[in-house]
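**Q** Protein sequence lines correspond, in order, to chains A and B. Counting from 1, one number per residue, gives the positions in the first sequence under our numbering. Counting from 1, one number per residue, gives the positions in the second sequence under our numbering.
FYI, nobody ran anything at the bench for these hints, they're computed from the structure. The structure displayed is predicted, hence computed values, not measured ones. Idealized CB from N, CA, C, for every residue including glycine. Some hints could be false.
Covered stretches of chain B, going by a simulated chain A footprint (3 or more residues, C-beta under 8 Å) [to be verified]: (1) 14 to 23; (2) 34 to 40; (3) 44 to 55; (4) 161 to 171.
As a list, the in silico EDC-like pairs of lysine to aspartate or glutamate whose alpha-carbon atoms are at most 20 Å apart [to be verified]: (5) B:Lys-58 x A:Glu-55; (6) B:Lys-210 x A:Glu-209; (7) B:Lys-58 x A:Glu-64; (8) B:Lys-84 x B:Asp-173; (9) A:Lys-84 x A:Glu-55; (10) A:Lys-58 x B:Glu-209; (11) A:Lys-58 x B:Asp-14; (12) A:Lys-210 x B:Glu-209; (13) A:Lys-58 x A:Glu-95; (14) A:Lys-39 x B:Asp-225; (15) A:Lys-17 x B:Glu-55; (16) B:Lys-280 x A:Glu-43; (17) B:Lys-39 x A:Asp-32; (18) B:Lys-39 x A:Asp-225; (19) B:Lys-345 x B:Glu-392; (20) A:Lys-280 x B:Glu-392; (21) A:Lys-212 x B:Glu-209; (22) A:Lys-212 x A:Glu-192; (23) B:Lys-58 x A:Asp-11; (24) B:Lys-39 x A:Glu-43; (25) B:Lys-208 x A:Glu-213; (26) B:Lys-208 x A:Glu-209; (27) B:Lys-39 x A:Asp-220.
Number of protein chains: 2
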Amino acid sequence: MPELIKETEKDFLDYVKKMQSYNEALNLIYWDLRTGAPKNGLEQRSQVIGVLSSELFKMSTSEEMAGFIATLSNDESELSTITKKTLEECKKEYEKNKKIPAKEFEEYVILQSNAENIWEQARAASDFDMFKPYLEKLVVFNKKFIGYWGYEGNKYNTLLDMYEPGVTVEIIDKVFGELRDVIVPLVKKIAECGNRPRTDFLYHPFSKEKQKEFSLKILDQMGYDFGSGRLDETVHPFAIGLNPGDVRVTTRYDENDWRMAVFGTIHEGGHALYEQNISKQLLGTPLCTGTSMGIHESQSLFYENILARDRAFWENNFDLLKEYADGQFDDVTLDEFYAAINEAKPSLIRIESDDLTYALHIIIRYEIEKGLFNDEIEVKDLPAVWNDKYEEYLGIRPENDAEGVLQDVHWSGGSFGYFPSYALGYMYAAQLKNAMLKDLPKYEELLRTGDLNPIREWLTDRVHQFGKSKKPLEIIEEATGEGLSATHLANYLVEKFSKVYQLSE
Amino acid sequence: MPELIKETEKDFLDYVKKMQSYNEALNLIYWDLRTGAPKNGLEQRSQVIGVLSSELFKMSTSEEMAGFIATLSNDESELSTITKKTLEECKKEYEKNKKIPAKEFEEYVILQSNAENIWEQARAASDFDMFKPYLEKLVVFNKKFIGYWGYEGNKYNTLLDMYEPGVTVEIIDKVFGELRDVIVPLVKKIAECGNRPRTDFLYHPFSKEKQKEFSLKILDQMGYDFGSGRLDETVHPFAIGLNPGDVRVTTRYDENDWRMAVFGTIHEGGHALYEQNISKQLLGTPLCTGTSMGIHESQSLFYENILARDRAFWENNFDLLKEYADGQFDDVTLDEFYAAINEAKPSLIRIESDDLTYALHIIIRYEIEKGLFNDEIEVKDLPAVWNDKYEEYLGIRPENDAEGVLQDVHWSGGSFGYFPSYALGYMYAAQLKNAMLKDLPKYEELLRTGDLNPIREWLTDRVHQFGKSKKPLEIIEEATGEGLSATHLANYLVEKFSKVYQLSE
Chain A
1 MPELIKETEK DFLDYVKKMQ SYNEALNLIY WDLRTGAPKN GLEQRSQVIG VLSSELFKMS
61 TSEEMAGFIA TLSNDESELS TITKKTLEEC KKEYEKNKKI PAKEFEEYVI LQSNAENIWE
121 QARAASDFDM FKPYLEKLVV FNKKFIGYWG YEGNKYNTLL DMYEPGVTVE IIDKVFGELR
181 DVIVPLVKKI AECGNRPRTD FLYHPFSKEK QKEFSLKILD QMGYDFGSGR LDETVHPFAI
241 GLNPGDVRVT TRYDENDWRM AVFGTIHEGG HALYEQNISK QLLGTPLCTG TSMGIHESQS
301 LFYENILARD RAFWENNFDL LKEYADGQFD DVTLDEFYAA INEAKPSLIR IESDDLTYAL
361 HIIIRYEIEK GLFNDEIEVK DLPAVWNDKY EEYLGIRPEN DAEGVLQDVH WSGGSFGYFP
421 SYALGYMYAA QLKNAMLKDL PKYEELLRTG DLNPIREWLT DRVHQFGKSK KPLEIIEEAT
481 GEGLSATHLA NYLVEKFSKV YQLSE
Chain B
1 MPELIKETEK DFLDYVKKMQ SYNEALNLIY WDLRTGAPKN GLEQRSQVIG VLSSELFKMS
61 TSEEMAGFIA TLSNDESELS TITKKTLEEC KKEYEKNKKI PAKEFEEYVI LQSNAENIWE
121 QARAASDFDM FKPYLEKLVV FNKKFIGYWG YEGNKYNTLL DMYEPGVTVE IIDKVFGELR
181 DVIVPLVKKI AECGNRPRTD FLYHPFSKEK QKEFSLKILD QMGYDFGSGR LDETVHPFAI
241 GLNPGDVRVT TRYDENDWRM AVFGTIHEGG HALYEQNISK QLLGTPLCTG TSMGIHESQS
301 LFYENILARD RAFWENNFDL LKEYADGQFD DVTLDEFYAA INEAKPSLIR IESDDLTYAL
361 HIIIRYEIEK GLFNDEIEVK DLPAVWNDKY EEYLGIRPEN DAEGVLQDVH WSGGSFGYFP
421 SYALGYMYAA QLKNAMLKDL PKYEELLRTG DLNPIREWLT DRVHQFGKSK KPLEIIEEAT
481 GEGLSATHLA NYLVEKFSKV YQLSE
C-alpha cells in the first residue's frame with residue numbers, strides 16, 4: 001500500500017522536524033549561556049533545558065517513534081533517500097536509549113553530574129584518588145551499557161562508534177601505530193637539532209578590538225557567510241550550527257598572545273563553514289549537521305593548521321596582520337614569522353600542545369581507553385600508566401596528576417571513545433588536502449592571493465553538503481579515493497617540520 | 001478529599017511550569033531575533049517559533065487543562081493563593097482561546113499577517129484606501145470575538161480588559177476627559193507665551209560608545225542588577241524578562257541625538273526593574289510577569305519622565321553627562337539643559353511626541369477605537385476623524401495618511417484596546433510619585449545625591465514584587481489609597497510646564 005506508506009513517511013518527517021525544532025531552541029539556549037547570559041537567570045534556565053531535553057528524549061523513545069520505525073522499515077524501497085537515512089539515525093538513537101533500563105540511566109546521569117564536580121575539585125587539588133571512585137563507576141556503567149548495546153570485534157568499538165561510526169579498533173590501531181612511529185622519532189630529532197625559532201615577538205600587547213577586526217577579515221577570506229552567522233566572545237570557544245542559515249562562531253582574546261583568538265577563530269570558522277554549507281534539503285532532519293566528530297575536526301584542523309599555518313597563506317596576510325598589530329612584527333621577516341607559528345615544543349597539556357605532538361596526546365588517551373574497556377588497565381593504575389606513556393612518547397613526565405591524568409574533562413562526563421576523533425580529524429584533513437591538490441594544482445597560488453573560495457567550494461562539494469547523510473569513511477573514500485590513512489599526515493608533518501627546523505635528511 | 005486535591009494541585013503546577021519553560025525559550029528566541037540573529041537563519045527559526053507556540057497553545061486549551069480547571073475550581077479553599085491566582089489566569093486564557101471556533105481563529109491569524117504587510121505598504125504610499133479593507137475585516141473579526149467572549153457595559157470593555165483588566169470605558173472616559181481638559185488649554189497657553197527653550201546643543205555628535213558608558217552608569221544608579229541582565233543594541237528598543245534573574249534591556253543609538261539612547265535606556269530600565277524584582281515565589285507560574293501593560297508603562301514612564309526629567313536628577317548627573325559628551329554642554333547652564341529636555345512642542349507623530357502632548361495622542365486613539373466598536377465611527381471615515389481630532393486637540397493637522405491615521409502598527413495586528421495603557425501608565429506613574437513623597441519626603445534630596453535605591457525599593461514593595469498576582473487597580477489602590485485618577489498627572493504637567501515655560505498664572 002504505497003499511499004499509506006507515503007502518509008506515514010510524511011507524518012514521520014513532521015515528527016522529526018518537531019524534534020529538530022526543540023533541538024534548535026536548545027542550541028540557542030546553549031549559545032546564549034556561553035556568550036553572556038546573566039548569571040542569576042541560570043538556575044531557572046536549566047529548568048527550561050530540562051523540559052526541552054526531556055521532551056526530546058521522550059519523542060526519540062516514544063511508542064509513536066517505535067511505530068514509525070516498524071512501519072517504515074518494512075517498505076524502505078518506497079522511501080526517499082533522506083527518509084531512509086533519517087530513519088536509520090532515529091532507529092540507532094531509539095535502540096541506544098531503549099536498551100538501557102530507565103533506572104540505570106537515571107543513576108548514570110546523576111553520577112555524571114557528580115563526577116564532573118568532583119573532577120574539578122580533584123584537578124584543583126591535583127589528587128587523582130579523589131576522582132578515582134567516580135571514574136571507576138563511570139567505567140563500570142559504560143561496560144554494562146556495552147553489554148546492553150552489544151559489540152563487534154572489540155568492546156571499545158561500541159564506544160568509538162558513537163563518535164566516529166564505522167571506525168574500529170582494528171583501523172585505529174594501524175593508523176595510530178604508523179603515526180606514532182613517525183612522530184616520536186621526529187620529535188627526538190627536533191629536540192636534538194638545536195635549532196629554535198625566534199618567538200619573542202609573538203607575545204606583545206595586541207588590543208582585543210584590533211584582533212577582532214583582523215579575525216573578521218580572515219573569516220571573510222575563508223568564505224564564512226556573515227549573513228548566516230556572527231562572531232562573539234566566550235571563555236571556551238566553540239562554533240554552533242542552529243541551522244545552516246545561522247552558524248555562530250565564538251572566540252577568546254588574549255591581549256598578550258594574538259594567536260589564541262586568530263587561530264582559534266580560524267579553527268571554529270572551519271567548523272562553521274561545514275555547518276553553513278550543508279544542503280538545505282536536509283533541513284528539519286537529524287542529518288542536518290556534521291556527520292561525525294572526526295570529520296568536523298578535519299574541517300577545523302584543515303583551516304587552522306594546514307591552511308593557516310602555510311607560508312603561502314601568510315605571504316598574503318602578514319602585511320595585513322601588521323596593519324592591525326601595534327608594531328610587534330615590524331622587525332620580523334616572513335620566514336621568522338612562519339617558523340614561530342610552527343614552533344614544535346612538547347608540552348604536558350593537550351590543549352596547549354603544538355601541531356606536531358598533538359596526535360601523541362590523543363594516541364596516549366586512545367591506548368588507555370582501549371586498555372580500560374578490554375580489562376588490560378585498571379583505573380587505579382592510570383596515573384602511572386599515563387606518566388610512563390608521556391615519558392616514552394613525548395620525552396617529558398608530568399610531576400603531578402593535575403598536569404597528567406586529571407587534565408581533561410571528558411572522562412568525568414563519561415565520554416569514552418571521543419578522544420580519537422581529534423587525531424582522526426587531523427588525518428582526514430591531510431588526506432583531503434592531498435586530494436584537493438589534484439583538483440586545485442594552484443592551491444598555493446590561491447593562498448598567496450587570498451582567493452580561498454575554490455578551496456571552500458571543493459570542501460563543500462566533497463564534504464559539507466552531505467551533512468550526516470553519508471558516513472565518515474564514505475565521505476573520505478569518495479573524496480580521496482582511499483580509506484583512512486596515516487600516510488598523508490605523516491608526510492605533511494615530516495615535510496613541514498623538517499623545513500621549519502632545517503633538519504638534515 | 002484534600003489529598004487528592006493536593007496531588008492535582010501539584011500536577012497542575014508542574015503542568016504550568018512546563019508551559020512557562022516553553023514561554024521562556026520563546027522569549028529568548030525573540031530577544032535573539034531582535035539583537036543580531038543572522039538573517040539567513042530566520043526562516044528556519046520561525047519554524048521553531050511555530051512549534052513552540054503551537055505546543056503552548058495546545059497546552060493552554062487541552063483536555064488536561066480543562067480537567068485541572070474543573071477539579072481545582074471545586075475546592076478553591078484548599079489551594080494556596082498562588083495556585084488560585086494561577087488557576088484564574090489559566091481559566092481566563094482557556095476561555096478566551098476556546099470560545100473562538102478554530103477555523104475562524106486560523107483565518108484571523110492569516111488576516112493579521114497579511115494586514116501587517118499591507119499596512120507597511122500603505123504607510124509607505126501614504127494611502128489609507130489600500131489598508132481600509134483589511135482594517136474593516138479586522139474590526140469585524142474583533143466584533144465577532146466580542147460576541148463570543150461576551151461583554152459587560154460596553155463592547156469595547158472586553159478589548160480593554162485584555163490589556164488592563166478591570167479598567168472600563170466608564171473609568172477611562174472620566175480620567176481622559178479630565179486630562180484633556182487640562183492639557184489642551186495648557187498646550188495653547190505654551191504656544192501663545194512665546195518662550196522657547198534653547199535646544200541647539202542637544203544635537204551635537206556624541207559617540208555611541210560614550211553614550212553607552214553613560215547609559216550603563218545611569219542604569220546602575222537606578223538599581224538595575226547587571227548580574228540579572230545585560231544591555232544590547234536593537235532597532236526598536238524593548239526590555240524583556242526571561243525570568244527575574246535574566247531581564248534584558250535593549251537600546252538604540254543616534255549619534256546626533258543622545259536623548260534617544262539615554263532616555264530610551266532609562267525607559268526600558270524602568271520596565272526591567274519591574275521584572276527583576278518580582279517575587280521568586282511566582283517563578284514557574286504565569287504570574288511571574290508584569291500585571292498589565294499600564295502598570296508596566298507606569299514603571300518605565302516614572303523613570304523616564306518623572307524621575308529623569310526632574311531638575312534634581314540632573315543636579316547630580318549633568319556633570320557626569322559632560323564627562324562623556326564631547327564638549328556640547330560646556331556653555332550650557334543646568335537650567336537651560338533642564339528646559340531643553342522638557343521642551344513641549346506638539347507633533348503629528350505619537351512616538352516623536354513630547355511628554356506634555358503624549359496623552360492627547362492616546363486620547364484620540366481611544367476615542368476612535370471606542371467609536372469603532374460602538375458603531376459610532378466607520379473605518380472609511382477614519383482619516384477625516386483622525387485629522388479633525390488632531391486639529392482640535394493639538395492645533396495641528398496631518399497633511400497625509402502617513403503622518404495621520406497610518407502611523408501606528410497596532411491596528412494592523414488587530415491590537416485594539418492596547419493604546420489606552422500608555423496614558424494609564426502615565427497617570428499611575430504620577431499617582432505613585434505622589435504617594436511615594438509621603439513615605440520619602442526627601443525624594444528630591446535622593447535624586448540630588450544619586451541615592452535612588454530607596455525609590456526602587458518603594459516601588460518593589462508596592463508594585464514589582466506582586467507580578468501578576470494582583471490586578472492593576474488593586475495595586476494602585478493599595479499603593480496610593482485611591483483609585484485611578486487624572487489629578488496627579490494633571491497637576492504634575494501644569495506645575496512642570498508652567499515652570500519650564502514661565503507661564504503667568
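**Q** Determine for every hint whether it applies to the structure shown.
**A** Tested hints:
Taking a C-beta to C-beta cut-off of 8 Å, the segment 14 to 23 of chain B contributes 4 residues in contact with chain A, enough for the three needed, and the coverage statement holds. With 5 residues having a beta carbon nearer than 8 Å to a beta carbon of chain A, the segment 34 to 40 of chain B meets the requirement of three or more and the stated coverage holds. Requiring three or more residues with a Cβ within less than 8 Å of a Cβ of chain A, the coverage given for the segment 44 to 55 of chain B holds, as 7 such residues are present. For the segment 161 to 171 of chain B, the stated coverage by chain A is not satisfied: 0 residues place a CB nearer than 8 Å to a CB of that chain, which falls below the threshold of 3.
Only pairs whose Cα atoms come within 20 Å are accepted, and B:Lys-58 paired with A:Glu-55 is accepted, the gap being roughly 15 Å. Pair hint B:Lys-210 plus A:Glu-209 holds up; C-alpha atoms about 16 Å apart against a cutoff of 20 Å. Distance check on the hinted pair: B:Lys-58 and A:Glu-64 sit about 19 Å apart at the alpha-carbon level, within 20 Å; holds. Using a Cα cut-off of 20 Å, the hinted pair B:Lys-84 and B:Asp-173 is violated, with the two alpha carbons roughly 32 Å apart.
Between A:Lys-84 and A:Glu-55, the direct Cα distance comes to roughly 24 Å. Violation of the 20 Å bound is thereby established for this hinted pair. Proximity of A:Lys-58 to B:Glu-209 is assessed by CA-CA distance (about 47 Å); at most 20 Å being required, the pair is judged violated. In summary, the hint linking A:Lys-58 to B:Asp-14 is supported, as the alpha carbons are separated by about 17 Å, within the 20 Å threshold. For the hint linking A:Lys-210 to B:Glu-209, the alpha-carbon distance of about 16 Å falls within 20 Å, and the restraint holds.
Under the criterion of a C-alpha separation no larger than 20 Å, the hint pairing A:Lys-58 with A:Glu-95 is consistent with the structure, at around 13 Å. A hinted pair counts as satisfied when its Cα atoms are at most 20 Å apart, and A:Lys-39 with B:Asp-225 qualifies at roughly 11 Å. The straight-line distance between the Cα atoms of A:Lys-17 and B:Glu-55 is roughly 14 Å, inside the 20 Å bound, and the hint therefore holds. Between B:Lys-280 and A:Glu-43, the direct Cα distance comes to roughly 12 Å. Compliance with the 20 Å bound is thereby established for this hinted pair.
The hinted pair formed by B:Lys-39 and A:Asp-32 meets the criterion: a straight-line CA distance of about 17 Å does not exceed 20 Å. Between B:Lys-39 and A:Asp-225, the direct Cα distance comes to roughly 11 Å. Compliance with the 20 Å bound is thereby established for this hinted pair. At most 20 Å may separate the alpha-carbon atoms for a hinted pair to count; B:Lys-345 and B:Glu-392 meet this at roughly 15 Å. Among the hinted pairs, A:Lys-280 with B:Glu-392 is inconsistent with the structure: their alpha-carbon atoms are about 57 Å apart, more than 20 Å.
Between the alpha carbons of A:Lys-212 and B:Glu-209 the distance comes to roughly 17 Å, so the proposed pair stays at or under 20 Å and holds. The hinted pair formed by A:Lys-212 and A:Glu-192 fails the criterion: a straight-line CA distance of about 38 Å is larger than 20 Å. Distance check on the hinted pair: B:Lys-58 and A:Asp-11 sit about 19 Å apart at the alpha-carbon level, within 20 Å; holds. This hinted pair does not check out: B:Lys-39 and A:Glu-43 have alpha carbons roughly 30 Å apart, beyond 20 Å.
The straight-line distance between the Cα atoms of B:Lys-208 and A:Glu-213 is roughly 18 Å, inside the 20 Å bound, and the hint therefore holds. With a C-alpha separation of about 16 Å, the suggested pairing of B:Lys-208 with A:Glu-209 holds against the 20 Å cut-off. With a C-alpha separation of about 17 Å, the suggested pairing of B:Lys-39 with A:Asp-220 holds against the 20 Å cut-off.
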